[in-house]
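Note that the protein sequences, when read in sequence, are chains A and B.
Mapping to our numbering: the first sequence position 296 is 296, numbers consecutive.
Mapping to our numbering: the second sequence position 41 is 41, numbers consecutive.
Calculated directly from the structure, the hints in this document are not laboratory data.
Be a bit skeptical, because a hint or two may be false.
To be verified - Here are the in silico distance ranges between beta carbons for each label pair:
no.	chain 1	residue 1	chain 2	residue 2	range
1	B	44	A	151	54 to 62 Å
2	B	48	A	459	40 to 48 Å
3	A	281	B	126	43 to 51 Å
4	B	160	A	218	24 to 32 Å
5	B	160	A	219	18 to 26 Å
6	A	68	B	68	31 to 39 Å
7	A	459	B	92	34 to 42 Å
8	A	465	B	71	15 to 23 Å
9	A	281	B	160	22 to 30 Å
10	B	36	A	113	26 to 34 Å
11	B	231	A	457	48 to 56 Å
12	B	158	A	218	17 to 25 Å
13	B	157	A	301	17 to 25 Å
14	B	44	A	465	35 to 43 Å
What the hints assert, rightly or not - Covered stretches of chain B, as calculated for chain A (at least 3 residues, CB under 8 Å):
no.	region
15	63-70
16	143-155
17	160-174
As the list claims (entries may be wrong) - Calculated lysine to aspartate or glutamate pairs in the EDC-like style (CA-CA distance at most 16 Å, straight line):
no.	chain 1	residue 1	chain 2	residue 2
18	A	319	A	293
19	A	58	A	355
20	A	104	B	277
21	A	392	A	378
22	A	285	B	155
23	A	303	B	150
24	A	285	B	150
25	A	285	B	173
26	A	191	A	396
Note that CB positions come from ideal geometry on N, CA and C, so glycine has one too.
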Amino acid sequence: MTGPGRRSARTRRFGGTLGALCALLLAAACVPGTDGSGAAGPGGGAATAVPDPSKAGKVTLTVWDQQVRGGQNAAIERLNAEFERKYPNVTVKRVARSFNDLKKTLKLALSGDNPPDVVQANQGYSDMVAFAHAGMLTPLDSYAGLYGWNTRFPQTLLNLNRVSADGTRFGTGQLYGLSQEGEYIGIYYNKSVLKKAGIRPPRTWDEFTGALPKLKKAGQLPVQFGNLDKYPAIHTFGVLQAQAAGSAGPVRETVLGRGAGFDNEATRTAARTLAAWAEKGYLPKGANGKGYDDAAKQFADGKGAFLITGTWQLADLRKPMGDSLGFMPPPPTAGRPPVTTGGEGLPWSITSKSDHPDVAAAYLDFLTGAHACDVLTEEGVLPVVFGKAARKLDRDTAVGRMFTGWQRLNEADGLVPYLDYTTPGFYDSLSADLQGVLSGSTGPGRLAGRMQQQYDDFRKQQDAAGTDAGDGR
Amino acid sequence: MRAAAQDRGGMVRRLAGRYRKRAPGEPRAVGYLYILPALAVFGLFLLWPLGQTAWLSLLHWDGLTRATWAGWDNYRDLLTDPQLRAPFAHAAVLLLFYAVLPVAAGLLLTAALTRFRVRGMTFFRTVLFLPQVLAMVVVGVAWRSILAPDGLLNDALGAVGLDGLTRSWLGDDRFALPAVGVIGTWVETGLCLVLFLAGAQRIPRELYEAARIDGAGAVREFFTVTLPGLRAEVSVALTLTVVAALRNFDLVYITTSGGPGNATSVPAYEVYRRAFETGEVGSASAMGITLTAVIFALTLVVTRLVEGRSR
Chain A
1 MTGPGRRSAR TRRFGGTLGA LCALLLAAAC VPGTDGSGAA GPGGGAATAV
51 PDPSKAGKVT LTVWDQQVRG GQNAAIERLN AEFERKYPNV TVKRVARSFN
101 DLKKTLKLAL SGDNPPDVVQ ANQGYSDMVA FAHAGMLTPL DSYAGLYGWN
151 TRFPQTLLNL NRVSADGTRF GTGQLYGLSQ EGEYIGIYYN KSVLKKAGIR
201 PPRTWDEFTG ALPKLKKAGQ LPVQFGNLDK YPAIHTFGVL QAQAAGSAGP
251 VRETVLGRGA GFDNEATRTA ARTLAAWAEK GYLPKGANGK GYDDAAKQFA
301 DGKGAFLITG TWQLADLRKP MGDSLGFMPP PPTAGRPPVT TGGEGLPWSI
351 TSKSDHPDVA AAYLDFLTGA HACDVLTEEG VLPVVFGKAA RKLDRDTAVG
401 RMFTGWQRLN EADGLVPYLD YTTPGFYDSL SADLQGVLSG STGPGRLAGR
451 MQQQYDDFRK QQDAAGTDAG DGR
Chain B
1 MRAAAQDRGG MVRRLAGRYR KRAPGEPRAV GYLYILPALA VFGLFLLWPL
51 GQTAWLSLLH WDGLTRATWA GWDNYRDLLT DPQLRAPFAH AAVLLLFYAV
101 LPVAAGLLLT AALTRFRVRG MTFFRTVLFL PQVLAMVVVG VAWRSILAPD
151 GLLNDALGAV GLDGLTRSWL GDDRFALPAV GVIGTWVETG LCLVLFLAGA
201 QRIPRELYEA ARIDGAGAVR EFFTVTLPGL RAEVSVALTL TVVAALRNFD
251 LVYITTSGGP GNATSVPAYE VYRRAFETGE VGSASAMGIT LTAVIFALTL
301 VVTRLVEGRS R
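Chain A on its own, in the form it takes in the complex (with noise of 0.2 Å):
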């Protein structure tokens, strides 16, 4: 749960052209191939015994986090405080970054020979899995035997957190890194907009769509939705392809690149109804033109009957909408089990050079405790695991709504990842390829072959790639 985008994210941020090659120049200070930054191996994480970090002496913890939104931040903070009276000996000095900034500067700080001992680097590709590879993170396996962190989480949740040992594949292998937070995609509702059109809130997928041919004819906009950040119509399609498929089993294994591949019936299908819903004037006029925010602001001003997005924006639709905020996981087809987009939080890890990984994996542990679930359920924030305090809450309010709607989707199994962590480059093509689907350009069939075309690419690359690993290491 992170943000307006987290993955996606890419919110503004000051930059320019001088920034970037002045921070791309530094980067290049260290020549690339001449230092053994890249050679180190996995190291550390060899602990036998559940380790005790009172008797570690005097330690400073220097994380690294993203938590930087309102629940999240106070959670944290009361979480490193909590930490530091328990362990006196332990000071925790944190480094908060908001996702862009800490994405872009964590590669270089791992480089480093002085790196934070935790932190929290994005799954996928381009982040956690180039950073197991090049052996900058320590493998938790053995702390995750000690402390039962195996059990603790969902295993498909867990798995989002794995890097194969030959550091090429996602979502199999070595653990990386712990997550706090679950996210999904689901769609909020305007109460009395529906109201308006005399429509109830929707219960099965039939209702959802039936809903918006009636919501046009009442003069209301069915779906609110803005798209110039590009990432949205990510959210928006996987939700619909997790519907077509019906459930989230091939989509996910496709994602962790076990799976046949895009170009089927589901896939086709979501192309069909996304242009359909743009063409209908389900969605507003001119989609790829608006912002993310700017959507999210206008159906907070009552311009919209529903909004599909994250799990993150409901602490900030929550303060201006009040009690006409509703909130669901995207209904089921009738009799079928719920599906959709979503995952967890950055996870949390553990660098190969931490001079003290012991005390850094009872900072972990302590993080995606009972307790911290607790602390995270009344920040208002949804923890991957659910505690005391998450029992105790108000089914009926969207809160609530967002909490059972977390367990279901974990107990059916119906979660798919984010289709971006395909491959490397999925984010470029998928999310320029669905601007072409809003406006018409690009057809389902075209989307599909392209979509398929680069997970087969990146598969070859990645087979040649292992082979290299088994054979020259």
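Since the structure of chain A is provided, determine the placement of chain B on it from the hints.
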């Protein structure tokens, strides 16, 4: 030994003699000593990184693991890969909006303003120059909301009955690039105008009087007196705007992130994206070096062509 000492003595004398023979004010080698501090800073923070970037452009590097030698591969891709060529084509289109249009508009306005007395000239000059003072980020955010589907521009078009023309300016495949270009025109015109107005004040009144006595009209007067008089300013304005057009990053980043599709991706944005988001540092460096070369070549052409051999 003695011979060597004599030799040395002779050399010192010869050197001293050479300096003594110089006319006063003629450059001397000691001048380099004066620029040394600046040169050191320049070298350390510009030339050295530039060399590093050139070196990186010859490698395949993801920013983390061991780099592999690429040779000219990255540069060859620039020529063959349409994904990498397109940004340069977009930059060429932006040149029109960032450099040609503002200079033309600036000249036109200058010609008009020097011919007629305008009340509150200082006020207009300030207003027209204002975009230059604003941070590009602010400009980008403001224009993003003006060009939004339900933004100011579409509202205005609707109000005068031109609903047919309204569109999602930044979200339309064909109009996104010109829309970004128009923002550039808006920003750069003020700069050109202020430069030209300052230059026009230096043109001797007598030339205008002479032209008028000879019966020149407004057009003739512009081409024979104003334009030649503004040669140096046009050169400066073109150089500044051409550079602004080619290194354009912030506006694209703020308004469209290169979209829709890749319709507005420009070289500087592509450098940033490749280096920091997709981990293709070698390719990004090759693009950066090429961009530097293009900017250098274009500014050289501008100075040569516009300033001419008069200097």
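Hints and how they fare:
no.: 1; hint: B:44 <-> A:151: 54 to 62 Å; in the structure: holds (55 Å)
no.: 2; hint: B:48 <-> A:459: 40 to 48 Å; in the structure: holds (41 Å)
no.: 3; hint: A:281 <-> B:126: 43 to 51 Å; in the structure: holds (45 Å)
no.: 4; hint: B:160 <-> A:218: 24 to 32 Å; in the structure: holds (30 Å)
no.: 5; hint: B:160 <-> A:219: 18 to 26 Å; in the structure: holds (25 Å)
no.: 6; hint: A:68 <-> B:68: 31 to 39 Å; in the structure: holds (37 Å)
no.: 7; hint: A:459 <-> B:92: 34 to 42 Å; in the structure: holds (37 Å)
no.: 8; hint: A:465 <-> B:71: 15 to 23 Å; in the structure: holds (21 Å)
no.: 9; hint: A:281 <-> B:160: 22 to 30 Å; in the structure: holds (24 Å)
no.: 10; hint: B:36 <-> A:113: 26 to 34 Å; in the structure: holds (33 Å)
no.: 11; hint: B:231 <-> A:457: 48 to 56 Å; in the structure: holds (54 Å)
no.: 12; hint: B:158 <-> A:218: 17 to 25 Å; in the structure: holds (23 Å)
no.: 13; hint: B:157 <-> A:301: 17 to 25 Å; in the structure: holds (23 Å)
no.: 14; hint: B:44 <-> A:465: 35 to 43 Å; in the structure: holds (38 Å)
no.: 15; hint: 63-70; in the structure: holds (count 6)
no.: 16; hint: 143-155; in the structure: holds (count 6)
no.: 17; hint: 160-174; in the structure: holds (count 7)
no.: 18; hint: A:319 <-> A:293; in the structure: holds (15 Å)
no.: 19; hint: A:58 <-> A:355; in the structure: holds (12 Å)
no.: 20; hint: A:104 <-> B:277; in the structure: holds (8 Å)
no.: 21; hint: A:392 <-> A:378; in the structure: holds (10 Å)
no.: 22; hint: A:285 <-> B:155; in the structure: holds (14 Å)
no.: 23; hint: A:303 <-> B:150; in the structure: holds (12 Å)
no.: 24; hint: A:285 <-> B:150; in the structure: holds (9 Å)
no.: 25; hint: A:285 <-> B:173; in the structure: holds (14 Å)
no.: 26; hint: A:191 <-> A:396; in the structure: holds (13 Å)
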